[in-house]
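Peer 1: Starting from the known structure of chain D, arrange chain Z on it as the hints suggest.
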Amino acid sequence: MSFSILARCARTGQLGLGVASYSIAVGIYCDASVRPGIGVTFTQGNALPSNNRLALNALAQGWGSEQALRQLIENDPSFEYRQIGIVDREGGAAVHSGRSLLGYAGHRAGAGWVVIGEAIAGENVLNAMAEAFEAVPPEDLEARLLAALEAGRDAGGLAGKGGRLPERSAALVVWGVRDYSDMDLRVDLHERAVDELRRVYADFKPTAAFYEERARNPRAAVSAMTFAETLRNEQRRAVT
Amino acid sequence: MTFSIIARCPRTGRFGMGSATFSIACGRRNESVRPNVGISKSQAFYLRQTDVLALNMLQQGYTPEYIMRTLEAADPDFEFRQFGIIDRAANVVAYTGKSTKPWSGQIVGPYYATYGNVLAGPQTLQGIESGFLRHPDGQLELRLLEALEGGRDAGGQAADGKRWPERSAWIRVVDRLDHPEVDVRVDLHDKAVDELRRVLEEFKRYQDYYLERVRDPGTGIPEEDFVAALK
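Respectively, the protein sequence lines represent chains D and Z.
Under numbering that gives the first Met the number 0, the first residue of the first sequence carries the number 0, and numbering increases by one thereafter.
Under numbering that gives the first Met the number 0, the first residue of the second sequence carries the number 0, and numbering increases by one thereafter.
The following block holds chain D by itself, in its conformation from the complex:
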């Protein structure tokens, strides 16, 4: 009961993923799903959190995304219940949708990206996500990932036996060259988690650089309160 997109930005080399799910706190399964200069991976359907490190370790040893995926499948007796995506640092994409997943399950893959979805309304969700991601290649990776999640939501999103299911949690994660994420935002429990993720993103995006600069040059820093007020005023001016 999730739909996700994993991708490598061809412009910056950043790696990231966007996830939306009926399960709560789905972002917990994004732990270690990205490793800079190595790849990005995610297992859903029935999550297997140990798969993240295993997939990235296989890539780091030198296996390509297809071979890494094969190893994950052979390592897991319940592989038919899993849905797995891998994108390596060269954009090589590999994807697996097990036969025992509930509801409609499927995937799309392109140069540097993978879309996976299970218990979704249908293939139009996958197509809409792929189109939205490919529509804006010059944008920042996180913006493209978020646009793909919104397109998946708008194309019908998640579906259970009784019809549409809400996205109750969502996550947006992007890493660049550093030992920590460039962006890592989550909504853990919400009736419209993708909408809420957009709200968090809109507020976080302009502050990210502020916090970095503040730490690098603390003697010249303005306070967080002053910055927050300045930002609010700017946003108010932009609205009027």
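Incorrect hints may have been included.
[Said to hold, decoys possible] Residues on chain Z that point at chain D, a partial pick, calculated with CB under 8 Å: (1) SER22; (2) ILE23; (3) GLY26; (4) LEU46; (5) ARG47; (6) ARG184.
[Stated by the list, open to error] Here are a few chain Z residues that face chain D, going by a calculated C-beta distance under 7 Å: (7) PHE44; (8) VAL51; (9) GLU71; (10) GLY96; (11) ASP174; (12) HIS178; (13) LEU187; (14) ILE220.
Since the hints were made in silico from the structure, they are not lab data.
Beta carbons are placed, not taken as given, at the ideal position from N, Cα and C, and that holds for glycine.
Peer 2: Structure of chain Z alone, referenced to chain D:
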């Protein structure tokens, strides 16, 4: 402006931390907790690389005390930083630079440390500590939540006589596995600590179901049925 608590559960050996702040998405800093190694959580004018560096050193065998001295020697802006480090033996240090914004300070206990800046006063940290110690036999994640609530109820964050809301909050607990056992977040909310209780309580209801689904997906019921049975 942030208050945090880092701890090693004396019963189970699990590591956990809780944090609440005016800034957005404090829980994005998952590099601060490393299973089987320890916790390094920096704040105030923090460089994220600091936590990675400190945990790498812990993993190499240096003590928290030595790491703190090394960080000081390497950082011309050390007086602006605030952090705590705890290792597997529950050796714990905390540091609050004199140029962090007032009120700032720390309490170091036998297996935990709590520290914050731009707080209402020492009462915020006292509230955190007494919340944490209220149920010493409780699960670490619940103790951390009570700690954050204690800090909130004791006045939380304040500057120039004005209270500042907790807009994001985070609890992360790791055991022996590489991935976290509990990791719940509120990234942007008017009452982030209140909301974190709602999320954590809900998460606890799902925790066993999700673990079983990971382990043996063929035997479980669909999640929508599980949710219906909860109500």
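Peer 1: For every hint, state whether the structure bears it out.
Peer 2: Right, here's what the structure says about each hint:
1. A hinted interface residue such as SER22(Z) counts as satisfied when its beta carbon comes closer than 8 Å to some beta carbon of chain D; here the least separation is about 6 Å, so the hint holds.
2. Taking 8 Å as the C-beta cut-off, the interface hint given for ILE23(Z) holds, the closest approach to chain D being about 5 Å.
3. Given the 8 Å rule on beta carbons, the hint for GLY26(Z) holds: about 7 Å separates it from the nearest Cβ of chain D.
4. At about 5 Å, the closest approach between the beta carbon of LEU46(Z) and any beta carbon in chain D falls short of 8 Å, and the interface hint on this residue holds.
5. Taken as an interface hint, ARG47(Z) checks out: its beta carbon lies about 5 Å from the nearest beta carbon of chain D, inside 8 Å.
6. Restraint check, ARG184(Z) versus chain D: the minimum CB separation of about 5 Å is within 8 Å; hint holds.
7. For PHE44(Z), the suggested interface contact is upheld, since its CB lies about 4 Å from the closest CB of chain D, less than 7 Å.
8. Hint status for VAL51(Z) relative to chain D: holds, with the closest Cβ pair at about 4 Å, below 7 Å.
9. Because the smallest distance between the Cβ of GLU71(Z) and any Cβ of chain D comes to about 15 Å, over 7 Å, the interface hint for this residue is violated.
10. Among the interface hints, the one on GLY96(Z) is violated; its C-beta lies about 9 Å from the nearest C-beta in chain D, farther than the 7 Å criterion.
11. Among the interface hints, the one on ASP174(Z) is violated; its C-beta lies about 12 Å from the nearest C-beta in chain D, farther than the 7 Å criterion.
12. Taking 7 Å as the C-beta contact cut-off toward chain D, the hint placing HIS178(Z) at the interface holds, the least distance being around 4 Å.
13. Given hint, LEU187(Z) at the interface with chain D, holds; its Cβ is 5 Å from that chain's nearest Cβ, closer than 7 Å.
14. Using the Cβ-Cβ criterion of 7 Å, the hint placing ILE220(Z) at the interface with chain D is not satisfied: the shortest such distance is roughly 10 Å.
When each numbered hint is compared with the structure, violations occur for hints 9, 10, 11 and 14.
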